[in-house]
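There are 2 protein chains.
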Amino acid sequence: MTTIKQMGGEFALIEWIARPTTRKEVIVGIGDDAAVVTLTKTKHLLLTTDMMVEDVHFRRKWCTPKQIGIKLMESNISDIAAMGGEPLYALVSGCLPKNTTAEFVEQFFEGMRASGKAYGIEIVGGDTTRGEKLVFSLTLVGKVKKRYMCLRSGAKQGHLIGVTGTLGKSHAGLRLLQAGKRGAAIQSYLEPQSRMDASCILRSFASSMIDVSDGLASEIRHLCKKSDVGAVLEKEKIPVSSATKKVAMLLHEDPYAYALYGGEDYELLFTLTPKNIAALRKEFGDFTIIGIITAGKDVLLKDGKRKTQVGKGFDHFL
Amino acid sequence: MTTIKQMGGEFALIEWIARPTTRKEVIVGIGDDAAVVTLTKTKHLLLTTDMMVEDVHFRRKWCTPKQIGIKLMESNISDIAAMGGEPLYALVSGCLPKNTTAEFVEQFFEGMRASGKAYGIEIVGGDTTRGEKLVFSLTLVGKVKKRYMCLRSGAKQGHLIGVTGTLGKSHAGLRLLQAGKRGAAIQSYLEPQSRMDASCILRSFASSMIDVSDGLASEIRHLCKKSDVGAVLEKEKIPVSSATKKVAMLLHEDPYAYALYGGEDYELLFTLTPKNIAALRKEFGDFTIIGIITAGKDVLLKDGKRKTQVGKGFDHFL
Numbered sequence: 120m121t122t123i124k125q126m127g128g129e130f131a132l133i134e135w136i137a138r139p140t141t142r143k144e145v146i147v148g149i150g151d152d153a154a155v156v157t158l159t160k161t162k163h164l165l166l167t168t169d170m171m172v173e174d175v176h177f178r179r180k181w182c183t184p185k186q187i188g189i190k191l192m193e194s195n196i197s198d199i200a201a202m203g204g205e206p207l208y209a210l211v212s213g214c215l216p217k218n219t220t221a222e223f224v225e226q227f228f229e230g231m232r233a234s235g236k237a238y239g240i241e242i243v244g245g246d247t248t249r250g251e252k253l254v255f256s257l258t259l260v261g262k263v264k265k266r267y268m269c270l271r272s273g274a275k276q277g278h279l280i281g282v283t284g285t286l287g288k289s290h291a292g293l294r295l296l297q298a299g300k301r302g303a304a305i306q307s308y309l310e311p312q313s314r315m316d317a318s319c320i321l322r323s324f325a326s327s328m329i330d331v332s333d334g335l336a337s338e339i340r341h342l343c344k345k346s347d348v349g350a351v352l353e354k355e356k357i358p359v360s361s362a363t364k365k366v367a368m369l370l371h372e373d374p375y376a377y378a379l380y381g382g383e384d385y386e387l388l389f390t391l392t393p394k395n396i397a398a399l400r401k402e403f404g405d406f407t408i409i410g411i412i413t414a415g416k417d418v419l420l421k422d423g424k425r426k427t428q429v430g431k432g433f434d435h436f437l
Numbered sequence: 120m121t122t123i124k125q126m127g128g129e130f131a132l133i134e135w136i137a138r139p140t141t142r143k144e145v146i147v148g149i150g151d152d153a154a155v156v157t158l159t160k161t162k163h164l165l166l167t168t169d170m171m172v173e174d175v176h177f178r179r180k181w182c183t184p185k186q187i188g189i190k191l192m193e194s195n196i197s198d199i200a201a202m203g204g205e206p207l208y209a210l211v212s213g214c215l216p217k218n219t220t221a222e223f224v225e226q227f228f229e230g231m232r233a234s235g236k237a238y239g240i241e242i243v244g245g246d247t248t249r250g251e252k253l254v255f256s257l258t259l260v261g262k263v264k265k266r267y268m269c270l271r272s273g274a275k276q277g278h279l280i281g282v283t284g285t286l287g288k289s290h291a292g293l294r295l296l297q298a299g300k301r302g303a304a305i306q307s308y309l310e311p312q313s314r315m316d317a318s319c320i321l322r323s324f325a326s327s328m329i330d331v332s333d334g335l336a337s338e339i340r341h342l343c344k345k346s347d348v349g350a351v352l353e354k355e356k357i358p359v360s361s362a363t364k365k366v367a368m369l370l371h372e373d374p375y376a377y378a379l380y381g382g383e384d385y386e387l388l389f390t391l392t393p394k395n396i397a398a399l400r401k402e403f404g405d406f407t408i409i410g411i412i413t414a415g416k417d418v419l420l421k422d423g424k425r426k427t428q429v430g431k432g433f434d435h436f437l
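Line by line, the protein sequences are chains G and Y. Heads up: the first sequence runs through residues 120 to 437, numbered per this note's numbering. Heads up: the second sequence runs through residues 120 to 437, numbered per this note's numbering.
Derived by calculation from the structure, the hints in this document are not laboratory data. Keep in mind that a hint or two might mislead.
A pair counts as met if it fits within one copy or between any two copies, since identical chains are not told apart.
In silico DMTMM-like links for lysine to aspartate or glutamate, alpha-carbon gap of 25 Å or less [claimed, not checked]:
| id | residue 1 | residue 2 |
| --- | --- | --- |
| 1 | K431 | E222 |
| 2 | K424 | E353 |
| 3 | K160 | E144 |
| 4 | K421 | D405 |
| 5 | K365 | D316 |
| 6 | K252 | D417 |
| 7 | K365 | E355 |
| 8 | K265 | D347 |
| 9 | K252 | E173 |
| 10 | K252 | D174 |
| 11 | K160 | D347 |
| 12 | K252 | E134 |
| 13 | K264 | E251 |
| 14 | K217 | E251 |
| 15 | K275 | E310 |
| 16 | K262 | E229 |
| 17 | K124 | E173 |
| 18 | K354 | D373 |
| 19 | K162 | E144 |
| 20 | K431 | E251 |
| 21 | K236 | D405 |
| 22 | K236 | E134 |
| 23 | K265 | E144 |
| 24 | K124 | E229 |
| 25 | K431 | E225 |
| 26 | K217 | D174 |
| 27 | K124 | E225 |
| 28 | K180 | E251 |
| 29 | K124 | E222 |
| 30 | K236 | E144 |
Chain G on its own, in the form it takes in the complex:
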């Protein structure tokens, strides 16, 4: 018998369990932000799902039911955004303890609908069951124009690595909550926002894209693995807000560790050719170039003159 930890964690498990696609219309199966299936001559169907568990992804004492709904929907929208697509329909399942109130369920749905409204996402189905702890599962169906589709596998040597917004803010919020303190970062943790706004522009320029749900370290490694390339990230260029730095300072921790190994920022990590930078900047400013794609397999973090291997990010089983 082998535990998932012994195997190398959840990502090793997923890789081991995945099989080559068999249906010819399945373009991408397990292993990207969403699965891709041929729909029409110009469009693909996108399928993604995320599960959230009480006391693992959220604590009732820290968040409202509405915020649980928001985070569940945003985490899925983020996967569709990372593909360059548009979200359409959602199915949501809930495992609910017997004492769950109708008001709780209503507010949870209110959160999902509030996040989905901007994109016209419709909740078309689901399932309810009983259980000891709250577990929610959301599946989001989307579409993407073929010419806009961004996979993890498109990065090539010499492409620049960019990331939207700032990183580590969600983990800073979590750390504040864990420490019993207050601060603006808590909002980033409880009500993260996916970057559909950025995706709509990036998809015309990016050679590859992935959403930052498990920390920068994990995501850049996924992207490099799928693209069969390496990378060098420059630590000092990683965008960490002053608010995040303040939290880290307060707790005597490293804000860059939040960015690299924390989760749930839902920003977009992407690559693009150097010649595309200027054109992108004309249309969109909220991104930072943090490194470059290299040949080989090493994913390195450059801190001043020192280069070290980027560690693994958050893993539920490590």
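Given chain G, put chain Y in place with the hints provided.
For chain Y alone, coordinates are given in the frame of chain G:
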């Protein structure tokens, strides 16, 4: 604060939480076996999802991981079958305790793949997370030709009510396990089989259809409600196998209660016009006519000369 029980159970909750569809391409949202979305001129997309929870839907001491995978896949296939459709792609999420072994996950996937193989179902994505008890969620994407689509809402006064196979066998198996006894019915509970075989024929004849996942009583009520009709079921015509009757006799219970209020038989309940019966019989024999659709709202069970209202079926919150 209102508990789900006070509201009237999970189906009352679902009805209360559902909203009218807003996207014009969404033909059926929450409230049928699967959601229906326009795909092409002749085909619709089907979307359905089911969640299974340890110690609610299955117990580790009673079943193998493979059997959990089988039941999860079959319950979803059954929803697609009830629409007259074909299953295509699956996304599966798992909440796994830390001590879950790779072998467990492998066998669980083996079960899902074994059930999906006959229809070429491909598992294209999912999510893994940690939690205290096993929770699995599967979303199945299918398609249906417009002319074959069977909704719950098509039954009309005078249509006959039919059901495939036999009912109560899965609950008989559960009762044997609960009583610590052995018997063939256990197989029906642990490895239920969806009726895609029947659906492929029924869809050309049925005016409405629903799968029997929560017991006949619950399903006929759903069907009548959606069709805005009533029904009279004849108790003595409800198909209950001699094996199921033997289990009930052994445990001093009523086998018709198993059929009416037990769950997980995954047979198909359907209606059709009387003139279609002969044509259907020529192509397919494994069904029984158990009643007739009436005007009004009463859903009645006729036992000899006595008619009583059909009670509610299994509900996770009642």
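Hint by hint, here is what the structure shows:
1. K431 x E222: Answer is between; shortest inter-copy Cα gap is 24 Å, intra-copy 40 Å.
2. K424 x E353: within (10 Å within a copy, 83 Å between copies)
3. K160 x E144: For K160 and E144, the Cα distance is within 25 Å both inside one copy (12 Å) and across copies (19 Å).
4. K421 x D405: Result: close within a single copy only, 23 Å intra versus 69 Å inter.
5. K365 x D316: neither (27 Å within a copy, 63 Å between copies)
6. K252 x D417: Neither, since 41 Å and 37 Å both go past 25 Å.
7. K365 x E355: Within. Shortest intra-copy distance 16 Å satisfies the 25 Å Cα cut-off; inter-copy 74 Å does not.
8. K265 x D347: Within one copy only: 22 Å inside, 44 Å across.
9. K252 x E173: Both: 6 Å inside a chain and 11 Å across chains, each within 25 Å.
10. K252 x D174: both (8 Å within a copy, 12 Å between copies)
11. K160 x D347: neither (28 Å within a copy, 41 Å between copies)
12. K252 x E134: For K252 and E134, only the inter-copy Cα distance (23 Å) is at most 25 Å; the intra-copy one is 28 Å.
13. K264 x E251: neither (42 Å within a copy, 40 Å between copies)
14. K217 x E251: For K217 and E251, both the intra-copy (8 Å) and inter-copy (17 Å) Cα distances are at most 25 Å.
15. K275 x E310: Neither: 34 Å inside a chain and 48 Å across chains, both beyond 25 Å.
16. K262 x E229: within (24 Å within a copy, 30 Å between copies)
17. K124 x E173: both (21 Å within a copy, 21 Å between copies)
18. K354 x D373: within (12 Å within a copy, 70 Å between copies)
19. K162 x E144: both (12 Å within a copy, 16 Å between copies)
20. K431 x E251: The answer is between: 24 Å across copies meets 25 Å, while 32 Å in one copy does not.
21. K236 x D405: Within one copy, since 23 Å is at most 25 Å while 46 Å is not.
22. K236 x E134: So K236 and E134 pass the 25 Å test across copies only (20 Å; inside, 34 Å).
23. K265 x E144: both (13 Å within a copy, 21 Å between copies)
24. K124 x E229: between (37 Å within a copy, 21 Å between copies)
25. K431 x E225: between (38 Å within a copy, 24 Å between copies)
26. K217 x D174: both (17 Å within a copy, 14 Å between copies)
27. K124 x E225: The answer is between: 15 Å across copies meets 25 Å, while 37 Å in one copy does not.
28. K180 x E251: both (17 Å within a copy, 19 Å between copies)
29. K124 x E222: Between copies only: 13 Å across chains, 38 Å inside a chain, cut-off 25 Å.
30. K236 x E144: between (30 Å within a copy, 17 Å between copies)
The structure is inconsistent with the numbered hints 5, 6, 11, 13, 15, although it conforms to all the rest.
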